[in-house]
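2 protein chains.
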Amino acid sequence: MNGPFHPSPAPGRPRQFVLEDVLDKAIQRFSEYGFNGTSISDLNSALGLTSGSIYKAWNDKRGLFLAALNRYMDLRAQAISELLASAHSGRAKLEAMLMHYARLSSEDAGRTGCLVIETAAELAAADPEIAARLAAQRQQREAQLCRLIEEGQQDGSVRKEADPATVAKLLLAIQQGMRILGKTGAAYADMQKLVLEALRLLD
Amino acid sequence: MNGPFHPSPAPGRPRQFVLEDVLDKAIQRFSEYGFNGTSISDLNSALGLTSGSIYKAWNDKRGLFLAALNRYMDLRAQAISELLASAHSGRAKLEAMLMHYARLSSEDAGRTGCLVIETAAELAAADPEIAARLAAQRQQREAQLCRLIEEGQQDGSVRKEADPATVAKLLLAIQQGMRILGKTGAAYADMQKLVLEALRLLD
DNA sequence: TATTATAGGAAACGATCATTTCCTTTTGCA
DNA sequence: TGCAAAAGGAAATGATCGTTTCCTATAATA
Chain A
1 MNGPFHPSPA PGRPRQFVLE DVLDKAIQRF SEYGFNGTSI SDLNSALGLT SGSIYKAWND
61 KRGLFLAALN RYMDLRAQAI SELLASAHSG RAKLEAMLMH YARLSSEDAG RTGCLVIETA
121 AELAAADPEI AARLAAQRQQ REAQLCRLIE EGQQDGSVRK EADPATVAKL LLAIQQGMRI
181 LGKTGAAYAD MQKLVLEALR LLD
Chain B
1 MNGPFHPSPA PGRPRQFVLE DVLDKAIQRF SEYGFNGTSI SDLNSALGLT SGSIYKAWND
61 KRGLFLAALN RYMDLRAQAI SELLASAHSG RAKLEAMLMH YARLSSEDAG RTGCLVIETA
121 AELAAADPEI AARLAAQRQQ REAQLCRLIE EGQQDGSVRK EADPATVAKL LLAIQQGMRI
181 LGKTGAAYAD MQKLVLEALR LLD
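Quick note, the sequences are listed as chains A and B, same order. Counting from 1, one number per residue, gives the positions in the first sequence under the numbering used here. Counting from 1, one number per residue, gives the positions in the second sequence under the numbering used here.
Certain hints may be false.
If several chains are the same, the list does not tell them apart, and a pair holds so long as it fits within one copy or across any two.
Only pairs whose alpha carbons sit at most 20 Å apart, straight line, appear in this in silico SDA-like list of lysine to any residue [unchecked claim]:
id: 1; residue 1: K193; residue 2: T166
id: 2; residue 1: K160; residue 2: K193
id: 3; residue 1: K61; residue 2: T38
id: 4; residue 1: K160; residue 2: L201
id: 5; residue 1: K193; residue 2: E150
id: 6; residue 1: K193; residue 2: A162
id: 7; residue 1: K193; residue 2: R147
If you're looking for bench data, these hints aren't it; they were derived computationally from the structure. As the structure is a computational prediction, the values presented were derived from the model and not from experiment.
Turn these sequences into a full structure, and let the hints guide you.
Rendered as structure tokens:
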């Protein structure tokens, strides 16, 4: 009956913050300092919430982290989708995607880092459930790249001799590698040149 | 007078463990679980040392971590040096180096991960001194790759039109990207194919 | 206006953290 | 054989951790 746009509000006092806004702050904090490097006390100031509110909303610290990780993955996938919509060949889409990563990996955004990579580095060995989540998302990203390469091979913008699955892995490695470079500082101009060089893989 | 090979031992009870052996265990532990994910209690069991011995040898947890990080960097640089010595063109050296990374990034070794990348992801924002150390080591690695590319351009094994500094950054990104792929599981055969594809950047 | 349901938030909880203390053990040397 | 010096190791320290408790505040509803 009640859709999300004319909701009858849940009983009781309504939440006084916007979940998504707080998750964005959590993404920033966890990306820079990691899960274990962020205490609840840190989160109290970073999110502007007391422990009570955090635990009511997400059960525990790990629950908040998972919510932030999921939102991060969603946001990034959505940004890529929009990017791809405005490019009109397999190669143009791959170029747009790589240039997007050049921007993400440069300057301040680069130093903030990628929450997925931070999580893989910090928690893959310690938390099998999170590791499985990361593996699944990587598989999706790899498949997406593979489709774009095949699209490029069909429209003639990508060389036909390339093995799509292998090039997809390689491009994914380049994307993630740029993110690591960004953690210790990368100039946008350098990352752009790097991407232009990487595009030779499609010729 | 006394060289390191016929030392008059330091006064007092001699250390009952080999520093390097313990550091290797610390490298393993920190690579998998990170600095903040490893407690002194964890180290007691992982290293087989009590807290007293750890603190006498390295002052504190961070001191042990820095010693492990330095040893890790040294070991890896040494392995690469040996690899390069047995290759005889710029391209062959770059190929050997990339194939070395394919091995490091695959299977169990890949899941263990790279301590440098783990540290960049976890501590670059929180510890400026460590961040500077990482930036310096990255600069060295980049310069080494750059020299190998230039060597290849001179011996004709690498295309002369490539900008060595840019290709160096790109190869470094590929190496580090492979390491991230390895954290969520990578087959050696796939990483090998990835490297062969990447070598097209040198044509 | 009273009730019910949930959020906000301060304070307290036990557990675990990194580190230190202090005593024992092992070495070289007088 | 006793002393100085440094390592090994158990136990204790204070701080901080994640989490819970409990009370207040704010909403819809009867």
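Verification of the hints:
no. : hint        : result
1   : K193 - T166 : between (23 Å within a copy, 7 Å between copies)
2   : K160 - K193 : between (24 Å within a copy, 16 Å between copies)
3   : K61 - T38   : both (9 Å within a copy, 18 Å between copies)
4   : K160 - L201 : both (11 Å within a copy, 17 Å between copies)
5   : K193 - E150 : between (24 Å within a copy, 18 Å between copies)
6   : K193 - A162 : between (22 Å within a copy, 11 Å between copies)
7   : K193 - R147 : between (25 Å within a copy, 19 Å between copies)
Of the hints listed earlier, there is not a single one the structure fails to meet.
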